[in-house]
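There are 2 protein chains.
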Amino acid sequence: MSTGPRVVGQRLPRLDAPGKVTGTAVYAADFALPGMLHGKVLRSREAHARLLGVDAARARTLPGVRAVITAADVPDVRYGGALKDETVFARDKVRYVGQPVAAVAATTREAAEAALAAIDVAYEPLPAVFDVEAALAPGAPLIHEAWPTYTAIPILHREGNVCNRARIVAGDVERGFVEADRVFEHRFRTGMVHQGYTEPRAAVAVWDTSGQVTVWSNTQLPFEIQNTLAEILALPPSKIRVIVPGIGGGFGGKLRVGVEHFAALLARRAGRPVKIVTTCEEELTAAYPRQSTRVELKTGVTRDGRITAKAGRIWFDTGAFAGSGPGVASVATLVLAGPYRIPNLLIEGYAVYTNKTNCGSFRAPSGPQANFAVESQMDMIADALGLDPLDFRLKNIVREGDEGPTGQVLTAVGLEECLRRAAAAIGWADRRPTADRGKGLACGWWTTTGGSSGVYVKLNPDGTVALNTGAAEIGTAALTGAAQVLAEDLGVDLADISVVSADTFATPFDFGAQGSRTAFAVGNACRAAAADLRRQLCALAAAQWGVAAETLTVRDKHVVGDGKRIALVELARLSQASGGGLIAHGTFIAPPTAYDAKRVEAHVYPAFHSPSFHAHAVDLSVDRETGEVTLHRYVVAQDVGFAMNPTYIEGQIEGGVAQGLGQALSEEIVYEGGRVLNPNLTDYKMPTTLDLPRVESILVEHPSPVGPYGAKGVGEPPNIEPPAAVANAVAAAVGVRVTTLPITAEKVALALSGEATP
Amino acid sequence: MSTGPRVVGQRLPRLDAPGKVTGTAVYAADFALPGMLHGKVLRSREAHARLLGVDAARARTLPGVRAVITAADVPDVRYGGALKDETVFARDKVRYVGQPVAAVAATTREAAEAALAAIDVAYEPLPAVFDVEAALAPGAPLIHEAWPTYTAIPILHREGNVCNRARIVAGDVERGFVEADRVFEHRFRTGMVHQGYTEPRAAVAVWDTSGQVTVWSNTQLPFEIQNTLAEILALPPSKIRVIVPGIGGGFGGKLRVGVEHFAALLARRAGRPVKIVTTCEEELTAAYPRQSTRVELKTGVTRDGRITAKAGRIWFDTGAFAGSGPGVASVATLVLAGPYRIPNLLIEGYAVYTNKTNCGSFRAPSGPQANFAVESQMDMIADALGLDPLDFRLKNIVREGDEGPTGQVLTAVGLEECLRRAAAAIGWADRRPTADRGKGLACGWWTTTGGSSGVYVKLNPDGTVALNTGAAEIGTAALTGAAQVLAEDLGVDLADISVVSADTFATPFDFGAQGSRTAFAVGNACRAAAADLRRQLCALAAAQWGVAAETLTVRDKHVVGDGKRIALVELARLSQASGGGLIAHGTFIAPPTAYDAKRVEAHVYPAFHSPSFHAHAVDLSVDRETGEVTLHRYVVAQDVGFAMNPTYIEGQIEGGVAQGLGQALSEEIVYEGGRVLNPNLTDYKMPTTLDLPRVESILVEHPSPVGPYGAKGVGEPPNIEPPAAVANAVAAAVGVRVTTLPITAEKVALALSGEATP
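These protein sequences, in sequence, are chains H and F.
In our numbering, each number is its position in the first sequence, counted from 1, plus 10.
In our numbering, each number is its position in the second sequence, counted from 1, plus 10.
The hints are simulated quantities; they were obtained by calculation from the structure and are not laboratory data.
Hints are supplied without guarantee of correctness; some may be wrong.
As the list makes no split between identical chains, a pair holds if one copy fits it or if it spans any two.
Listed next, the in silico PhoX-like pairs over lysine-lysine satisfying Cα-Cα at most 20 Å (straight line) [claimed, not checked]:
id	residue 1	residue 2
1	K103	K567
2	K249	K567
3	K30	K249
4	K405	K695
Fair warning: this is a prediction, and the values are worked out from it, not measured in the lab.
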């Protein structure tokens, strides 16, 4: 476009705004069908037990009950992502408190709950393991005795209760430590946290007589759910239609099958539509939270602050099933290496089974945990060396053309700019303006996930354009971003784009709303489709005028050239009258990122595609008496490549920081003896707007050579650095270093009183 | 495909069968949303009256009432097809009994009905006209006084109560009559009939806060309804999503806006979803029935039976609004000319306003009425000349390369074969085996309607294919036919195609399920899309193998060539992993049919595209005492071009003949003083299966050069000839010629008793 962008880069209102701000948008939990039954899931009361029997006979006779299903009623299929270790219901034994044992559908929620209470389950308790240490101890009970026989991607390293160990080896880490003047070893721990989406997982399923099931669900990945349901139901995917009516937040927690399979199985049994919406208790005891971790870091540095070597290990407590664990353990190694020039590395990520709920993915999976350790240690080392933490980072960060930890060549590296601008904005020079007040910095990097996207677009009769995409709008405005690309390239306004999305039958394949990829990948597919549609528009105008199509361009809702112009609305009319209407399609997949395969083992994500770089800075005070932290200001400088819509990127930053501050300061799913102690929003403490500081966003633009108009993924990164930034600021404020998350007031107060921090 | 067709031409089960035969398919009348209100329409009690006032104040206060709308509450917009003469509600005056005056939405149907009863309407009656004669009489009251100011397509000839007069002039008709040895003049009349779809018109509408309305409707033309609603609601079409959940029959009666606009207006007013389903009485008094007609035919023939000239006029009583009248009057001229070599023609079709319900389109609009006249007269002339009616027809019918009435050059003309095979099958040689038994023949031609179709197709993860089309499956199995084309061209099975259809947002534009065009046009769009997808499949396989894509072909669910084969399911996986998934699209529009523009005036359909030809033959008995007709056998020989799926073409033939026999023998909406006397299915007599003979289908194949695999349109033609064939057989059986439809037992008995037929 020779006239410069009109739509991309602009602060335009998102396409899905009106329904959301007025409360009339239909979410999956709102979706209803006539004659619909309500489904409920019976969950294990035991953390690890042999399952002696499930007696549902009495439940089946209760009034209003239309279907009761147990393991005996469903296909004996193991499913899962990298590792197929899950079953619909517990079969031989239960592995965590909350594991599904049976499900019912009834005419009312109350009748369904009464039916659950009428199912008798007999357990024989088994020895259980509730943390990584216990799971890795010699002689620890195995969560999955038979798991060497499970189907898995071959790359995984599996041993005992470890379901993957991914490794990066670069240079010679032992030599690197020898070369160091100082070697620092630290340990960190982080708690299990929930994604905190406002809408619980929900699904409605109905079967037709051709044996096709339609499932309306708030999944982030309709095509993934289609495939998983195909496995579970033993049907070809083309018999499974998954539609996303709307999502009240996902953040990675709605990537994997939640209640869709129960709804589908109950609906098939009952012969009626079935709806299931999870409760808050189910969310906090049996969803897909972020894994708790243990981290060990050993870093060698020269006296003047050059890092010579790093050895790091991170253990993820992935719960009773692998879930996202193998992948998260893998990607964690790149975060744990960090965006630093370190010639000698030995980084390991472990996913470990325990008798807890199956953990999943949460906005930048592994990012906050690993970054908390890395960036806390950076400050601890700087402190020990007497260096300014900013200067220490600037000495070591990666710059344009450097190699990443696995040998990928880094381009469009905006990290230095991010660090300098965040520091400047927070007033880094004045780090401790008053007593008990301090500023903290943290920086990091993250990937833009690949995977393919296809779109089809058509010209509407009024000259507007329909965008048909398999991706779901999960609240990030990413589809508005993709629509901006389409509008830009077609010379129309953003408001001229209407979106149909996330229907496995009606829309093209999409890898889904995950990994900060939607605007990036769907946007690029839109570029391809727009090019195709522009070609067709010019050809149609050229045929009208008897000129060569190559002389024409699309601009300002017209095809122009040869001294003439014709409106798209007129071309829409002509195309329907003369050529069948104008349709175009486009597909995109990110090209592979080259890396050094010799440096990695059992690795699922060996490189970061179009990586983003970011620096966070916080200014806070600590109450020495209570240990309470008060947040004053928060600054994020993020290299977004190209700011497709600054308003919504700022929204992503503000939301991501809020979530990160929750994990930093207050959120944790607390287990005791395999049971969650705080399965409610009173005791599981998410921050409210009153707890949050003003968040200032600085959008840095080092364009990705692949992203649409240079855009990189922006959704996940803001969630990564808050814990480390807060920990560093607390240390700066009151000299207390808390190495476990969350950094609760109690921990700070204990540390200030001289007692050991937990 | 070098191996010969595997899917096209086969008797394969239709894709939508299971839901229909088990009763679980969701039709528009079944469709429901939570919180939905029920809408009802208040209709005029007067045929022609000044509207003095509509007082809805009391209705608005009744319990359960959520919206009451009158003309004062809706945009003052005139809409319509060729002629924009309709308003949502009567404004200055009412023009027929049944015209909408107000509408209400309430929490129950009963509350809505109570609200209707509480609306007071004041009328001042005006002189009315109830038939064509009265409407054309000098000084007749005008139905639309201001109508010269209405928007209309400029081609229309409008005068007095005539809203179009289309004309064909060929040769010199007066000279033709001079050249004739005998000139015959006859008059005919036909009654108003309803399409008899089993599901009444139904719609559910809901608005979102972005000002977009979604309407689920059993329309045959979602994109047409989208445009009409855009006019009525004063919105761009892209704000209007029309989805067809299912249709219980249409037959042309669901082409135009029915209750969609009331549902949308009420839903906007009420802020809740509104559903409207018409009653049987509304269907028979205020839908879009087939026009009653008067026909005058004057035909000159030589002694040996060669037709030298024909002058014909047909008047359509189109009711109080033009509706389909101008178009139907136009197409009628081609039917009235007939598939005969006639050098001199003067044919006129008139659409005339009266104070009756607005008539519309019904399976082969104008076909049965005009053909009844033409083919009755052919027998009457043959009888007068002492010629065998078959021989007389064979002397005059068009053959390959002949010109049609407007000068189009006819190809793929299977008429002679149809006539000879139908006659042979009915046992024409033995025309009157017993007393009061007789056989009748009739033949005709019909068009395959053009208009554009677009489809998009994608490869599913299991190697099956999704077909996304804007056309609705209205019960004809036409989308199964299109899917057969796609399956054939992609080397997969019919069962491998899943269809998503008829959604103005999610599917490409389609001219819609009308005019026997769906399998023809969507099938051709599928051919284009399949070619595109084949190209992509071969390119993907070629890239795998490092060979040239041109050496590969798609066959039997594989790409094969270079001594290798790879399954589509594997290519689906590869395409998602390496290229964004495979999507393709295709569009089609029938090329224009050349004709002699000098021969036509005010003509909307000047030529028949890919015309079909057909001959019907019936064997029946007449009870001389009661006049009752008993049908023994019925034979249809139809040139379908290529029989895409013989089973479903036979189904179309059987259904079309049943409808045609209803019009022939028993069906008529009877008016008296502007009021329908028989608005129920007891008094409006549709034939049941017990009334119908065995129908034998002979599929003749003279391939269209344009249709997919040679197919022509097949859905409408079977409805055309039954009235004429029956009239001719009754004459053959008992020597009585009934020239008005329906040929009731009463008319036959009266004629047999020597009294004049009505």
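State the violated hints by number, sorted upward, taking the hints as numbered earlier in the document. Hint check: 1 and 4 fail, others pass.
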